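Build out the structure end to end from the sequences listed, making use of the hints.
Number of protein chains: 2
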Amino acid sequence: MTGDQAMDLWVREVHRGVVALSFKVEKTLFSGKSPYQQVDVIQTAGHGRMLLNDGIVMISERDEFVYHEMIAHVPLFVHPDPKRVLVIGGGDGGTVREVVRHPGVECVVMVEIDEMVVHACREHFPQVSSALDHPKLSLHIEDGVRFVAETKERFDVVIVDSTDPIGPAQPLFDKAFYENTAGLLLDGGILITQAESPFYDPDLQRPMLANQRPYFPRLHLYLLTNLTYPGGLWSFGFASKGPDPLRDFDPRRVEASGLRFRYYNADIHRAAFALPTFVTETLCDTIDAAGV
Amino acid sequence: MTGDQAMDLWVREVHRGVVALSFKVEKTLFSGKSPYQQVDVIQTAGHGRMLLNDGIVMISERDEFVYHEMIAHVPLFVHPDPKRVLVIGGGDGGTVREVVRHPGVECVVMVEIDEMVVHACREHFPQVSSALDHPKLSLHIEDGVRFVAETKERFDVVIVDSTDPIGPAQPLFDKAFYENTAGLLLDGGILITQAESPFYDPDLQRPMLANQRPYFPRLHLYLLTNLTYPGGLWSFGFASKGPDPLRDFDPRRVEASGLRFRYYNADIHRAAFALPTFVTETLCDTIDAAGV
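Top to bottom, those sequences are chains A and B.
So the first sequence is residues 0 to 291, counted in numbering that gives the first Met the number 0.
So the second sequence is residues 0 to 291, counted in numbering that gives the first Met the number 0.
Derived by calculation from the structure, the hints in this document are not laboratory data.
Heads up, a few of these hints could be off.
Claimed, not checked - Beta-carbon label-pair distances, calculated as ranges:
(1) A/125 <-> B/182: 46 to 56 Å
(2) A/54 <-> B/243: 27 to 37 Å
(3) A/201 <-> B/145: 38 to 48 Å
(4) A/170 <-> B/134: 53 to 63 Å
(5) A/140 <-> B/29: 49 to 59 Å
(6) B/243 <-> A/149: 30 to 40 Å
(7) A/257 <-> B/34: 54 to 64 Å
Source: prediction; values computed, not measured.
By construction, the Cβ of each residue, glycine as well, lies at the ideal position given by its N, Cα and C atoms.
Below, the structure is given as structure tokens:
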């Protein structure tokens, strides 16, 4: 991946050996190898700057708003009064950027294992990493698995903004991690987890959701579609110690917040919990039905 | 595109010069040049058989159910009593296959310009083209633009299952076509149109919807996500001479039909009309808001 504008250069991510998504590259802005993964930042022709970990697209400037709005605002508008939020992963800062837009949030703790991701995003994605110096944020460069096992802090919402269950993020999909996470959630707390592609990855979704199931009375899946993940359709897990993602959602709160979003809105919030029949059938023994 | 299983062969569709979607190929099953376009059928490694017109993916066996269920069942469950249905394009037969599942439909007319597509799909996609010999179907190999200009027949629902507004389908996006189509819709009739990618193609969506606008008191957009179109998120136009896609939709009709779907269901029907904020903002001067 070298940047020579005279060449017809593309970055290509192959998924499951059968499908590939490629983006036209203008130049490479950063390339480094951390103790955890290969980290690359490229300037693309049509999607702004793009972050790749181990060759897998994490974010692009063009569509990162979809993922970050959906991972943050769905739980923050369901929980009745989220004050303390923990973000595991999310080194680019986009999730924190959305979380701190809620004035009621008093404290955000972010635990990212890979300092190189944070440095690269501070440098090359100023509009994504813009909240990494926010006064409400406490940023730890540390293993999230160890953090949730050891911390005495408690939270209203935990967001696991992780890479896939291969490589450094693998333990974030284990039962022990979810048990510890459930333990540090306050009453009525909500856990959001990056939950892969319903089309391509049901074999990853089933165990991760089954690993969460014992610790949460409610467990739902919700959907979004972005440009940079294979299959377009993507999912988050919504595990809750209390609130129902739809019955406890009041669209007037979105309106009253005065916040402006590019993807999220009250209709999209509800619609995201409507699952295609094949998704429901695949996961029906693990997740709860949402009464859309 | 030749089939040699010893090679690492992929079929690659570039969109807008900045993004490409590639599928691993096992072999080519059919390749021909009709008066209208290049037609190819390939066996892929992960998506079953795939039809490409002029190198652009039309359908794959793995995910065609998404597109065909959403183009057919949304209007057929909104219209109070659809008896006569016209399908323009849709040479693979998938749309007709879904339409004839509604026992109340008495007559389906399908007008496909390219006989080679029909032949190739009869041969290589038996489960998609399975209704092309259905007794309720009248299949015309003919220009859809001329058909709607000349026919004296009238319809409850017209479905434009077309390729993109480049190549042979271009006139299907013109004002004259929509005016003629509105003219052959019975009272309370509904027109559904393939309406491109909300992420990549707002410059195609805006004129096509503006061209429909003068002839329909209601005009909405609804969404689906499949595996084989660039950007994942895709859209259909819902133009109506009467019925509202949500207020006139009774989910009990879906249940009572006894029909089984793989993507469509009553929740998905409603959710499909929830638009991301950036879509609404882009098209707000053309389409109506759906009261999701």
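To see whether the hints hold, each was checked on the structure:
no., hint, in the structure
1, A/125 <-> B/182: 46 to 56 Å, "holds, 54 Å"
2, A/54 <-> B/243: 27 to 37 Å, "violated, 47 Å"
3, A/201 <-> B/145: 38 to 48 Å, "holds, 46 Å"
4, A/170 <-> B/134: 53 to 63 Å, "holds, 59 Å"
5, A/140 <-> B/29: 49 to 59 Å, "holds, 56 Å"
6, B/243 <-> A/149: 30 to 40 Å, "violated, 55 Å"
7, A/257 <-> B/34: 54 to 64 Å, "holds, 57 Å"
Hint violations for this structure: numbers 2, 6, all remaining hints satisfied.
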